Amino acid sequence: MSVADLLPILRGLGWTVALTAGAFIIGAILGVPLLVARQSRLAPVRFLAMTLIQIIRAIPPILWLFIIFFGVGMTLLPISPFNAALAGLGLIAAANMAEIYRGALSSIHFGQWEASAALDLGRFWTVTDIVAPQAFRVALPSAASYLIGLMKETAVASTIGVTELAFQGNQLSQMTFRGLEVFAMVGLFYVLLSLPIAWLSRVADGYLQAKVAR
Amino acid sequence: MLPSFDEIWTWLPELLGGLSISLQVTALSLLFGIPFGLLLALGVLARKRSVRGLSLFLVEVGRGAPALVLLQFIYFGLPSTGLTIGSFAAAVIALAWNTGAYTSEIIRASLQSIAHGQREAAIALGLNRLDELRYVLLPQGLRVALPALLGFSILIFQGTSLCFTIALPELVSRAYEIGSTTFRYFPALLCAGVLYACISIPAALLVNHVEKRAGLYAQR
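Those protein sequence lines, which keep their order, are chains A and B.
Just so it is clear: in the first sequence, position 189 is 189 by the UniProt record's numbering, and no numbers are missing.
Just so it is clear: in the second sequence, position 174 is 174 by the UniProt record's numbering, and no numbers are missing.
No lab work stands behind these hints, which were simulated from the structure alone.
Owing to the predicted nature of the structure, the values given are computational and were not obtained by experimental measurement.
Incorrect hints may have been included.
What the hints assert, rightly or not - Simulated coverage check for chain B against chain A, where a stretch passes if three residues somewhere in it have a Cβ under 8 angstroms from a Cβ of chain A:
no. : segment
1   : 75-88
2   : 129-142
3   : 164-173
4   : 188-194
Cβ coordinates follow ideal geometry from the N, Cα and C atoms, glycine included.
If we strip away everything but chain A, and leave its shape as in the complex, we get (with noise of 0.2 angstroms):
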């Protein structure tokens, strides 16, 4: 492979990044809201939350992109396929999200709530000062394994033209007819790009670790 070979995939690789990012972003923030609607007093709320989650779960990702490029923006509101896939993929890692969340916070043993009501601190702040800066230690591991994860799912925005790394890579085979060279290169970008990230979650989970432990 020469050096003109790699610069679309180089090119590729950016996008790939911008919606890894993108689409984490949004599933982290809304994951939230779905989290706290999935964890109410009111069972109709719940079982909603329970159900939308369920699901997004449900559809794969490939159709998920499909339904809101082709079949939303095609009929409704025009949308670009990079949007699309923003949006897509933002909407199943919100939902995972939101699993991941709860996971953390059931691990939070029921101990913490009650010395929190003892010390009449409030819902809110027994939350946001006691609960949540310790379910973040436990939900930070699985956060950056599902990262890891949605960024090879990210491929799937090839499919409605995307042009990120799967993208470059079936464009650079047909174009060269080295199929086994250029999908090999491109799984090894994939590999590459997931390194910092398992890098980074276990230096910042050592850190955390370490402030605890006194």
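Keeping the supplied structure of chain A fixed, place chain B upon it in accordance with the hints.
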């Protein structure tokens, strides 16, 4: 916006045909993938360095590269070596590799979760390594691995949607085709979504149930 009853009625045979292909690919990928995962798990734990290296390579590539890239690697890449295969075979090979890589980690973790005394007891009884695996480790290990394996099966079922990119006429391809010929994309894709949900949601509930049962077994 929503599909009419007549539309659903005319599309259904087409969509169900696609669903059937999706399910076939899922079944075959699991059938080949899980035993492959067991082999990889044993390979990673092997004493021989070359076996360990090869197994680790297969696991890391199978997990590290997106399933979509694996699929295209097999389908578009292999022909350049002179080996041409159909899209169905390519789908099964790629997804079985993917399954093997992920399940090898699940199986390895569950084998390692078995108390060390069990292995010692097997040695004390004079079982050879194969019998130890067959009668002592696997029956206990697979029980621990079952919920995770079932959960992964749902992901592979959803992963078959990626076969759209290699022109396998599975569920998403069929829905897309209906959309492009009738220009009723949204209703057609929605029908496909409902069919996916009809399989995935009950399956997820089943996995939850099995998980609780498995938890009970571990507590005893």
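These are the hints, each one checked on the structure:
1. A count of 6 residues in the segment 75-88 of chain B with a Cβ less than 8 angstroms from any Cβ of chain A is obtained; the coverage claim is therefore met, three being the minimum.
2. Counting residues of the segment 129-142 of chain B whose C-beta lies closer than 8 angstroms to any C-beta of chain A gives 0; at least three are required, and the coverage claim is violated.
3. For a cut-off of 8 angstroms, the count of residues in the segment 164-173 of chain B with a CB near a CB of chain A stands at 3, and the three-residue condition holds.
4. Given as covered by chain A, the segment 188-194 of chain B passes the check, having 4 residues with a CB less than 8 angstroms from a CB of that chain where 3 are the minimum.
Hint violations for this structure: number 2 only, all remaining hints satisfied.
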